[in-house]
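Colleague: The residues making up each chain are set out below.
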Amino acid sequence: MKLKLNINNRYYNANIDADESLLDVLRHLGFKSVKKGCDTGTCGVCSVLIDGEPILSCQFLAARAEGHKITTVEGLGEKADEIIDVIINEGADQCGYCGPALVLTTYAMKQELKNPTVEKINHYLAGNLCRCSGYEGQLRGIKKYMGVE
Amino acid sequence: MKFKEVKHSIPKVDGKGLLKGASAYTDDLAVESALIIKLLRSPYAFAHIKSIDTKKALRLEGIECILTYKDVPRIPITRAGQGYPEPSPKDKFILDEYVRYVGDEVAIIAGTTQKVVEDAIKLIEVEYDVLEPVLDFEKAEGNKSVIHPEKEIYSMFPMGLDAKNNIACSYLDTMIVGDVDKTIAECDVKVEHRYYTHAQQHVAMEPHTSTAYIDVQGRLNIITSTQNPYHTRRIIGEALAKPLRDIRIFKPRIGGAFGAKQQIHNDIFTAIVTLKTGKPSKCFYTRKEVFESSFTRHQMRFDIRIGADKKGNIQAIDMQLLSNTGAYGEHALTTFMVAGAKTLPMYNKTTAIRFEGKVVYTNKCPAGAYRGYGAIQANFAVESAIRELAEKLNMDPVELRLKNCIKEGETSPVFTIMGEGGEGIAQVMESCKLDYCITRGRELIGWNEKYPSKQIAPNKIRSVGTAIAMQGSGIPLLDMGAAVLKLNDDGFFNLLVGATDLGTGSDTILSQIAAEAIGVPVDRIVITSSDTDTTPYDVGAYASSTTFVSGNAARKAGLNMRAKLIEEAAKALEAANKNDVIFEDCTFKLKDKSITLKELSEGLYYKFGAGMKQLIASGSNTSPKSPPPFMAAYVEIELDTETGKIDILDYVAVVDCGTPINPNLAKIQVEGGILQGIGMAMYEDVIYSKDGKMLTNNMMKYKIPNRKDVKKLTVEFAESYEPAGPYGAKSVGEIGIDTPLAAIANAVYNAVGVRIRSVPLTPEKILNGILEKS
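Protein chains in written order, with the working numbering: chain L, -2 to 146; chain X, 28 to 801.
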């Protein structure tokens, strides 16, 4: 089936199978920041924003994405830099495979959480798994970005 | 000691690019036209293939090739990815007429789309003779089911391979000091217990990925998520009987490894498909394949006896080990030996030591390299037993460790007797701040106030537990790494290293080391790593080797480059003696004359006429030492006596890794290691059905820690300087993972008096223990 996807404020025509995931379609279209990790909607490395809210693109049919605004980390542009800087300044980026999804989800969290706390941050990001860092370094950085002591 | 570049926390050189989503991992780099490869896998734990019919599947449009054991070379290899001669039995064929675990490969299928390949798999007709599997590793030796009946398998040196008895290797009558039985019999206080550790999954976020193509020179190129490109090249060459000159291996960025990517996985499949079809191919494992059909940590059983005098002087340790290598013997011998080699020297005041045992085959997922590599398993047994000994001695376990642990300037006979795969090399601890780590950690956790436990609510108890650990820094005189530096116009350097950054940050710290040695800021270094065509040899990223082994190579290359620069600058400045030339702030100075590095580099490229030349310097390094990093860990837990659930409130680690080349990156290595260890200690478990099918084969059933699972990690480094290391550095990649099993088990004991000798420490086991006691 053919559809028109709004990705990072540009339109892309895609010819897809009805059962294709948004993850596979985005990667075919060249958005390689969106990673495949687990096939079960558990690890979070495929997270993208749909109308500003984080979703797991491996569990989201591409056909459902038409008419919505899809954002990948490429689409955040300079808005990603502040988040990236606080993470890499802690050395907490490590292998980076979960990184773009973490940056996107953190960006969405900043828009959504009015009174962030460490507990709220950890809860919001709980679905973004990382096997390298032990999370503490990421938290040190993200606390700075969120303005949490 | 003052440094300009090392011992500084700078961001990873690739960090920003990766987080911005650069195409950098293997699957990102595969061409769109690459054939998709999938494997038909065994549904049985042990079976003989009576017949395979691929005709129907081959008729599907888009199927390019289907290979069974009849179509591939029959050369016994090991996929271990270790040094050479390989210390693992050569017991694997690309495909075989036997399948030895659920998930073992039966056929390789390649086609133009994933869908057609998946359809083709369903059309392949296989008739199996189902055999009785060996699933209990304690019943493997001498079992009537022989897992490796084939005649061709062998080991490159004697390691006790006894396939007809399901023994991959054994290690007996060698690691013996004094008379253990007699010494223990004479001891005032003794403990004797059996401990079990289970298999663990690596769960690197990036599944194993490989893509291959033929280049314009007709050579096989493989881009792959590997920890060791050079071993991969050698093994692919051996498996396919190809000269190594026809193969290139390149590791791009990889999404975590932890030992999982030391072994060869799908490279053999992409290689053979691309060679057969002439077309690019790609194999990206599903998470299910990663779980079922790659490698786990070795399951182990330890029988430990420790004896001490009344005052708590440990006299003797006896460790008997049975290890389960699963269907194939990758890393069977070496993980076994590391179990002893990276625990026994910690208690070096003993007069008698014995360590021996066997590694058996079973019809389970093969075991392989995994961060900690035997040491984490043995640490659970030894550090639990030490706590049990302290109980019998009525002694504070911290005091018992301080009294008996290895200290700076000391040694252990274990270093000499036992290495990794063979004999060891004598080593004196020139840097060892373990005693400081123990006392500093005790302060940080508040041990004296909190030990052993405190009831904080009717059903809640808080307690503390501790364990100490050591690891190594590469394998002495077996690991070698090399580096090349090239000066460019504009005054910057290419640093070429064979070393393999797994996301650990080794590209960054090797750049820092090279910059320190040359005497330039690190931004003058541009690093390229892990390409068998363009970068020099390196053993690869395993055995905690990179900082120490490859780091010294980068340092040597840097010092050689510095000497060459000064020599060329002396000519340019017409110095009578090159020793008069001072190099600082990227400028060469001789009294009132000077030339900048940029000017010198431009002169050497464009302006010095007959003096024009390319400056290249190199360094190779191997070491007769493997200086151990040390760590003391303290955990505070809160235990719910009604449910048996434990929460980790704080995990304190004080680490002696020598000079941390990049303190931030070193800290994350430790923190990440601790959390992986906590996962193994508390809930990560590989569970099989009665007929040998892995039940924990996805991330919903196999839980790894998330960010809500630990309240606090506290990591500090001891001031320490290892004379043999690059600018005083030792390794830091593995040491963090070793302690949580024992530290948390000890904390559970300190809370409720329940001793659990089999990890994971699940609420069920803890609650059962509580109920049994009452």
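The set of hints was computed from the structure by calculation and includes no laboratory data.
Check the hints yourself; a few may be wrong.
Simulated crosslink set (BS3-like; lysine-lysine; CA at most 30 Å straight-line) [to be verified]:
{"hint": "1", "chain 1": "L", "residue 1": "K29", "chain 2": "X", "residue 2": "K315"}
{"hint": "2", "chain 1": "X", "residue 1": "K481", "chain 2": "X", "residue 2": "K672"}
{"hint": "3", "chain 1": "X", "residue 1": "K43", "chain 2": "L", "residue 2": "K111"}
{"hint": "4", "chain 1": "X", "residue 1": "K142", "chain 2": "L", "residue 2": "K1"}
{"hint": "5", "chain 1": "X", "residue 1": "K217", "chain 2": "X", "residue 2": "K43"}
{"hint": "6", "chain 1": "L", "residue 1": "K140", "chain 2": "X", "residue 2": "K730"}
{"hint": "7", "chain 1": "X", "residue 1": "K735", "chain 2": "L", "residue 2": "K141"}
{"hint": "8", "chain 1": "X", "residue 1": "K47", "chain 2": "L", "residue 2": "K111"}
{"hint": "9", "chain 1": "X", "residue 1": "K625", "chain 2": "L", "residue 2": "K117"}
{"hint": "10", "chain 1": "X", "residue 1": "K43", "chain 2": "L", "residue 2": "K107"}
{"hint": "11", "chain 1": "X", "residue 1": "K142", "chain 2": "X", "residue 2": "K29"}
{"hint": "12", "chain 1": "X", "residue 1": "K217", "chain 2": "L", "residue 2": "K141"}
What the simulated footprint calls covered on chain L by chain X, stretch by stretch (three residues with Cβ under 8 Å from a Cβ of chain X suffice, anywhere in the stretch; the number is not a length) [unchecked claim]:
{"hint": "13", "segment": "25 to 38"}
{"hint": "14", "segment": "65 to 77"}
{"hint": "15", "segment": "89 to 95"}
Note that beta-carbon positions come from the ideal geometry of N, C-alpha and C, so glycine has one too.
Colleague: Check whether the Cα positions of K43 (chain X) and K107 (chain L) lie no farther apart than 30 Å.
Modeller: Distance ~20 Å between K43 (chain X) and K107 (chain L) Cα, so the pair holds.
Colleague: Next pair to validate is K625 (chain X) with K117 (chain L); report whether the Cα-Cα distance is within 30 Å.
Modeller: 51 Å, violated
Colleague: For a C-alpha distance cap of 30 Å, please report whether K481 (chain X) and K672 (chain X) respect it.
Modeller: 16 Å, holds
Colleague: Compare the distance between the alpha carbons of K47 (chain X) and K111 (chain L) with 30 Å, and conclude whether the hinted pair is satisfied.
Modeller: 26 Å, holds
Colleague: Keeping to a limit of 30 Å between CA atoms, is the pair of K140 (chain L) and K730 (chain X) held or broken?
Modeller: Distance of about 26 Å is within 30 Å: holds.
Colleague: Given the hint that K142 (chain X) pairs with K1 (chain L), does the C-alpha gap stay at or below 30 Å?
Modeller: 23 Å, holds
Colleague: Count the residues of the segment 89 to 95 of chain L with a beta-carbon closer than 8 Å to any beta-carbon of chain X: does the count reach three?
Modeller: holds (count 7)
Colleague: Is the straight-line distance between the alpha-carbon of K217 (chain X) and that of K141 (chain L) 30 Å or less?
Modeller: This hinted pair is violated, its Cα atoms lying about 52 Å apart.
Colleague: Given the proposed pairing of K217 (chain X) with K43 (chain X), does the C-alpha separation stay at or below 30 Å?
Modeller: With Cα atoms ~55 Å apart, K217 (chain X) and K43 (chain X) exceed 30 Å; violated.
Colleague: Do the alpha carbons of K735 (chain X) and K141 (chain L) lie within 30 Å of each other, as the hint requires?
Modeller: Holds, at about 18 Å.
Colleague: Check whether the Cα positions of K43 (chain X) and K111 (chain L) lie no farther apart than 30 Å.
Modeller: OK: K43 (chain X) and K111 (chain L) at ~28 Å, within 30 Å.
Colleague: Check, residue by residue, whether the segment 65 to 77 of chain L contains three or more positions whose beta-carbon lies closer than 8 Å to a beta-carbon of chain X, and give the verdict.
Modeller: holds (count 4)
Of the numbered hints listed earlier, those contradicted by the structure are 5, 9, 11, 12.
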